[in-house]
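Trainee: Spelled out from the first residue to the last, the chains are:
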Amino acid sequence: MTIPAERSPWAPGREGYYGDFGGAFTPEVLHETFAELRTAFDDARRDPAFWESYVALMSTYAGRSTPVTYCDNLTRAFGGARIFVKREDLNHTGAHKANNVMGQGLLVQRMGKRRVIAETGAGQHGVATATMAARFGLACTIYMGEEDVARQHPNVFWMKQLGAEVIAVTDGTRTLKDAINAALRDWAESMDDTHYVMGTVCGPHPFPEMVTYFQSIIGQEARAQMLDATGELPRRVYACVGGGSNASGIFAGFLDDPSVELVGVEAAGKGIDSGMHAARLAGGKGRPGVAQGYKTVFLQNEEGLMQDTYSVAAGLDYIGVGPMLADLHQRGRVRFESATDAEVVEALRLTMRSEGIIPALESSHAFAGAFREVSSLSSADSVLINQSGRGDKDIFTVADALDDNDWKDFIQRKSAGYER
Amino acid sequence: MTVTQGVDLESHLRRRLEKKPLLLMTHLVVGYPSLEANWAMLEAMDSAGVDLVELQMPFSEPIADGPSFVKANHDAITAGTPWDAYFDLAARASERFSFEIVFMGYYNSVFTMGAERFCEKLSEAGMRGFIVPDLPPEEAADLTAAARDRELAPIFIMTPANSEARLAEIGSHASGFVYCAARKGVTGRKTDLSEGVAAFLERCRTATSVPLGLGFGIRTADDVRELRGLADIAIIGTAGLDAWEGLGADGYRQYLKDLVAETV
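Residue numbers (full-length UniProt numbering), protein chains in the order written: chain P, 1 to 420; chain U, 1 to 264.
No lab work stands behind these hints, which were simulated from the structure alone. Predicted model only: the values in this text are computed from it and were never measured. Cβ coordinates follow ideal geometry from the N, Cα and C atoms, glycine included. You may find that some hints are simply not true.
[As the list claims (entries may be wrong)] Covered stretches of chain P (chain U as the covering partner; in silico rule of three or more C-beta atoms under 8 Å from a C-beta of chain U): (1) 22-28; (2) 31-38; (3) 170-183; (4) 187-198; (5) 383-393.
Using the sequences and the hints given, assemble the complete structure.
Mentor: This is the structure:
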């Protein structure tokens, strides 16, 4: 495993900007905290032992490196490019989120802080953070929108079992963005002994760069694995994009390879025209703005108020997108597409049946985006799909989406058993 | 119009400070609980003798605010408080009342409006400056330049968490007055003023020559009295809203009179 170069292709420019996007728009009270974090991250990055300790930790604790799986049945079903899948679902805690969280955990140890806080939407980042906190002996508070607490209760259960305090956020739309606001407010008070483990490549500098740095392990592995498996680079790489951490991680491995087309797939929800979606870039509905500490393309109205977003996949249900991805979109380096809930459920069903792989609903967006295009490519080409997480966590949502009557019966019986 | 064009906010404040040792700044979230209630609050502020008023433009992601103002922002948005309604209230208030008015709001509102248009609108409404808590000075160059052309004061924030070097940096950008946050955290919680506030204000004084306002957790007439001789402006935020909601219109008027009585 090579140590990412100090001047990596995903490094931001002036003041944490990627082109027009990024920056740090933080309340003054957090100014020194961000300065401390930038210094700690820069020191860690310059220390070769740090990246080595990160890779070793991920290897012995989290199951890395994750494999790339060739999907012969899916390939034959579409009759075009050969389909390969990067298996981030095989990480400990079931998603790529562990990469970022364990990396930030090592940084917290270097900074000597005793408590971590995090926001979570679907709950995957919350579970990963609670896991890291348990492992490293840190106090942990997770902020989660009240609506998400209700939707994703199994993850709430695990966070609590792992020793975290889970606070249901009742402000605003009671979803991910409100959880981020609540975490920032906690940090404005607690920063002396607390680190905010931002879960995605959003927020103020240095979070977008730092999270990309840790997630770049995905792309670094995947590039070498594709060369091993096929002797050449993939024609296209697909990743779902909520905040954009799994996409940034896998794309980071291919940014210097102009022959590789990078495709981000956003949530079209019930259709972009329905207004119930989270497609900031693909739908052309997003506008540049500044919120939650950074400048990017947000779904907002003409007076800059953020809009409600929607997706069957809670992890994609967010108003903004990583500033590096907004810039790569503007520069034409990453193409953005979107997939509807219905397409996503169909892609999930097909993948389960064909390959015995259960992608998360978030990741299923990347599969749906790829499935739409692979048959137009030649069988000499290969494509790589990033399976950012595993789907068994989504059992309640998937069962609803599939309208599965056996499952409903089971829940009713189970519920009857708990009646007092 | 009570507005005298061509005189900057700091001069206005200095003139008032010649007559009394401490000024009082109060706050409201425009559109909460309603524009009509806002007008009644402004009338009460004026008749009590408040010197300076922050009009907060509601935003959907108010990261520097505590629970009371988060709810106020959210409810004002839900009720519908467009820019036109905000600036209409500001213009009517500056025409009618003798206090100075400053904008308070988040940067996305400013960014979406555009720096030039934002400054033009403030100026037209007779406002004197702006407080944008998520806009650090190093990101404010365009806005500051546009503001200078119209004699609007960008009001920056100093906090106890800032290093001496940072305070000096903020001081080099300061105009109008500096908003000194009495403690860490967000708006709305009580501050123990005996805990190092005097020393903090002393550090701020060293960093800038403009007047100092102290806010965050200033709630009572006793708190205001304690600021005499320390700060130039006592800033009342959440406590004012709590008074309006808890004491009713008459109680609110009395509350403001009691606060102002400690400033003369």
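Trainee: Which earlier hints turn out false for this structure, listed by number in ascending order?
Mentor: Per hint list: single violation, 5.
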